[in-house]
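The chain contents come next:
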Amino acid sequence: MSYQPVIGLEIHCELLTSSKVFCACKNGFGGGANTRVCPVCAGMPGALPILNRDAVRLAARAGLATDCAVNRYSAFDRKNYFYPDLPKAYQITQFRFPICGNGHIDVIGGRRIRINRIHIEEDAGKLVHEAEISMADLNRCGVPLIEIVTEPDLRSAAEAQDFVLKLGRRLKYAGVCDARMEQGSLRVDVNISLMPRGSDTLGTRAEIKNLNSVRSICRAIEYETERQSGILKSGGSVRFETRRYDEKRGVTCAMRSKEDARDYRYFPEPDIPPVLLSDADIETIRAELPELPRERYLRYTNEYRLPDEDARLLIARKEFSDFYDAAAAVVPEYKLIANLMLGEISHLINETGADITDAKCAPADIAAVAKLTADGVVTKGAARELCAILFTEGGKPEAVAKTRGYITDSDGLGPIVDAVLKEHAGLVEQYKNGNEKLFGYIMGQAMRACGKGADPAAVKQEILIRI
Amino acid sequence: MRLSELRARLDSGEIDAVGLTQEYLKRIHEHDKALGSYITVCERSALREAEAAQSAIRAGRSKPLSGIPLSVKDNICTEGVRTTCASEMLSDFVPAYDATAVKRLRDEGFVMLGKTNMDEFGMGGSSQTSCFGGVRNPYDTRRVAGGSSGGAAAAVAAGLCAAALGTDTGGSVRQPAAFCGVTGLKPTYGTVSRFGLIAFASSLDQIGVIARCAEDAGYVLSSICGCDRNDATASRLARGNYTQLVGSDISGLRIGLPREFFKGCRDEVSAAVMRAADYYRSIGCELADCSLPSLEYAVSAYYLISSAEAAANLSRFDGIKYGHRGEGDDCAGLIKHSRREGFGTEVKRRIMLGNYALSSGYYEEYYNRARRIQAKLRAEYEEIFDKCDVILTPTAPSAAYAIGSRESDPVEMYLSDICTVTASIAGLPAISSVCGYDADGMPIGMSLTGRAFDEKTIIAVCDRFERDFERKENSFAGGGLI
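Chains as they are written, first to last, in my numbering: chain U, 2 to 468; chain E, 652 to 1133.
Hints listed in this document are in silico derivations from the structure and should not be mistaken for laboratory results.
By construction, the Cβ of each residue, glycine as well, lies at the ideal position given by its N, Cα and C atoms.
Zero decoy hints are in this set.
List of simulated lysine to aspartate or glutamate pairs, EDC-like, C-alpha gap at most 16 Å:
| id | chain 1 | residue 1 | chain 2 | residue 2 |
| --- | --- | --- | --- | --- |
| 1 | E | Lys972 | U | Asp138 |
| 2 | E | Lys914 | E | Asp940 |
| 3 | U | Lys167 | U | Glu320 |
| 4 | U | Lys167 | U | Asp107 |
| 5 | U | Lys372 | U | Glu399 |
| 6 | E | Lys972 | U | Asp86 |
FRET-style restraints, in silico, Cβ to Cβ:
| id | chain 1 | residue 1 | chain 2 | residue 2 | range |
| --- | --- | --- | --- | --- | --- |
| 7 | U | Glu242 | E | Gly984 | 21 to 27 Å |
| 8 | E | Glu1016 | U | Pro275 | 20 to 26 Å |
| 9 | U | Ser19 | E | Arg887 | 24 to 30 Å |
| 10 | U | Pro275 | E | Pro1061 | 30 to 36 Å |
| 11 | E | Gly1012 | U | Ala288 | 41 to 47 Å |
| 12 | U | Arg115 | E | Glu1015 | 27 to 33 Å |
Whenever a hint applies, use it, and build me the whole structure from the sequences.
Here is the structure:
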C-alpha cells in the first residue's frame, strides 16, 4: 500500500496597515513590552473595537491577487478561549462570513490549489517565559491578520513550498504583507494526512505548527509523511492532533491536548457592524491594486521583449524587480540592463549573501552603465566589472569607468599604437610582406597596450591607417 | 426645581454652584448610610469641579450642565476614580480613561458627586447583589430599590444628586426608577456611546438617565448623546434636543395598550396604569388596544442573548491584567481562582447560562432561536407603530418588595423583567414614570415606549402626565433642595 500526502495550509499574514485592526495603536514591530497598547487592544473594561478600513482594503486586495471573490457582505465573530496572550479572552475573527472566498494559485507541475477563504482577524500578544514566571507582552495584540485557508489540494512538499513562495510574492507585490517568515509576518500551519494512492478517502490529519521557514515546511511534511505512513502500515490509526515542529531535530511532537477539544462558542460580534462593500468599492480597490507578478511578467515579455527565463528570474523578488524597473525607466535598454542584473549583480548577490537592497549604487547608475555599453563607450566585459564595483562600493559610473581605465579617449590611441608598431617593427614588416596571420598578434599587442577600455574597432582603425 | 430652572438660577447667580454641591455632599453624608446608594463619594474633586464651574458661569461661559451635581453608576469608567461594577473582581480598579458619556459631561463642567451602587456587573433587578451591600428604597428602607441602577434611583429619589447616569440592558434604569418613585429613561440603542461602559450585553446595553422628571431626563440625555468615533454602534441618528416637544399639545396622539403586558401584573399596578390611560384619553389622546404576541418568549430570549454576550464580555476578567487575582499553581489555576473569588453567585449563574447557550450543539436551539424571537418582536413592534405613536405599559408587575423576600428564586426574579425587556430587545426608547402608589405607599411605575430615536415624543408625553400627577415624597427627599 502506497500513501500520498494530502496537504492543506492555513497561512496567517500580517497586514501592512499603519494602525492595528481595531484601534489606533501603531502597527509596528518591536518596542519595549506593553508600550504599543491602549485600552482597546489591552482588553480594558469598557473599551470597544473600531474596524480599521485599511485592513479591509488590504484583505480585499489579497483576495484579488489570488483570484478570490471579494464578498459584498462579511462580518465578525467572537472566538472564545482563555489564554494569557488574549486579553479579552476572545479573538475577534470572521468565522461565518469571511471577506474573500474561492480563489486559487497554480503550483509547479500545474496543479491548481484552491483557496477556500481569506478572513480578517486580530493577532494575540506574546508570552515570555522565564525560570519562575511567565509574562505577557500585549504589543502584538490587535495587529491585523488575514488568514488564508487552502483546500487540501497539495500533494507534496515541493508543491507546498511553491505555493507559499508564490503566495508570499503576490502578497508582497500587492502591498498587502511583506511576507517574511523569519520575522513572523507570514506564518504557515500545515494540515497533513495520508491517502492511499488511487483512493480519494481522506485520512485523519495532523496539524503542524511552529514552521518558521520554507525549509521547515518541507522537512516537516517529509517527516510527517514518514511518521503517519509508519503508523498506518503497522495497522494503527493517526490521531487528530496538533503537533509542534522542532527545528533543531527536524521532527514533530504532539502538543499538550489543550489545543484539541476546544469549543470556541462562536457568535456574531455585536460591537462591530457588518462590512458592506459595494461594486464600486471593490472596483476602487481593484484599480488601486499594484502590479502583480504575472502582470509584470507579461510587461517584461510582451513590451520589453525579454525572454521568458529572464522575466521569470527578474520577478522572483519584488525588490529586485523594482530595482530593474527603476533602471529601465531611466534608460530603456531592457535587455542590456536585464543582462547586467541577472549576470554580474545576481552573481554578487548569490556569492556574498547580500541582497539587492544592499546595493551601494542606485538603479540609475546601472542604467548609466547600460547606456555606456549601448553607445560603445565601454565593452560588455568592462560593463560587468563596472557594475560589480558600483554595487559594492558605489560611485559615479563614468568617473569610475575612467579611473579604472574602462574608458580611453580614442585620441590617445594613436601614440600607443605607434609605440607598439615600432616595438614590433619586424613583425609589421612580415605582415606587410604577406604574412596576414600576424595581424591578430599585432592587434593583441596593441589592445593590451591600449587597455581594457579601448574600443577594438578603433584600435584596428589606428593600426590599419599606419600600415 | 427642574434642571432647566436650576440652570437659570445658577447662571443668574441666585444659586452658587459650590454651595449647591456642598449641600448635596452634606445630604449624602447624612442620609446615605441608611440607603447605601453610593459606593464612592468624590468629596474633594466634586468641590473642585464646582469651583471651576462657578468660574465658568461667572465668566458667562456656562453650558447646560455646568455646576450641576450628578451621580454616575459604578459600571461607567471614570478616569482616576474607582469603578467597581459593585464586584470584588474590580473593587480596586481605577480606569485610565473616561467613558465618552462622562467626558461629554466633564466638557460641560458638571459636578460628579460620586459613583452609585448597583447589582454586580448590572445583573439583577434589586441592587442586592453588590459586594458593598444592597441599596435600600427611600420609600421604605426594608424594601429593595430595584436594579440594577438601584443606587442611582435611590439617590435621585432621596435628593442625594440632581440627576443620575444609569445603565439599562433589560430594564435596569426604568425598573429602579419605578420602584423609587422617580423617572428613568432608556434611550434608543445607539443613542449614547458605550465606550467606557463596562459591558454586560453589548447589543442591549445603553447608558440612560434617572431624574426627578421627564424633562430633566431629556435635558441630561441631550448632553451625552450622539455619534462617537470610539463606538461603532453609536448612531448618527441621535441628534439631541430631546426636550423640544415638552409642553406641546399632544391631543390626537395615538397610544397603544398591548394587552399581554397587563396579564401577569398585580391588580393595583394594572389599575394605576389604566388610570394613566384614562388621563391621556381625557386630554384628547386616542387609546388603542394592541398586541405583542411574542411577549411570552421575551424573557427567555432576553436571558439567552444577554447572558451569552455577558459570558464573553466578562471573560476578560482573568486576574492577569487587572482586577482581583487569585492564587494558582499554573495559569489555568490562576484564572479559575480569580474568577471563582471575584464573581458573585448571580454573575456566575449568568456566565454559565450564557456559555451553555453558545456551546456546540446548543447554539441553534438556544442562542439562535433567541435571535429569531428578537427579529419577531421587532417586527411586531413595527406593526404596532404603524397604528400608534407611543405604547403605554406597566414598568414592573409589582411595586418594590421586601429585601430578601424574592431574590432566592432567580427565575422568579427574571420573570419580573417581563414589562421592560422587550423595549431593550427591540432597541426602542422607553421612559418610566410614577403613575400611582400601592396600598403600602410604594410607587407604581408606567412606561412609555416610542419609535426608534423618537425620545422627544415619549419625553413630552411623559412630561404632560407628570405635570398633572402629584407625587408623594419619601422621608429622605429634598426639603426643597431641588
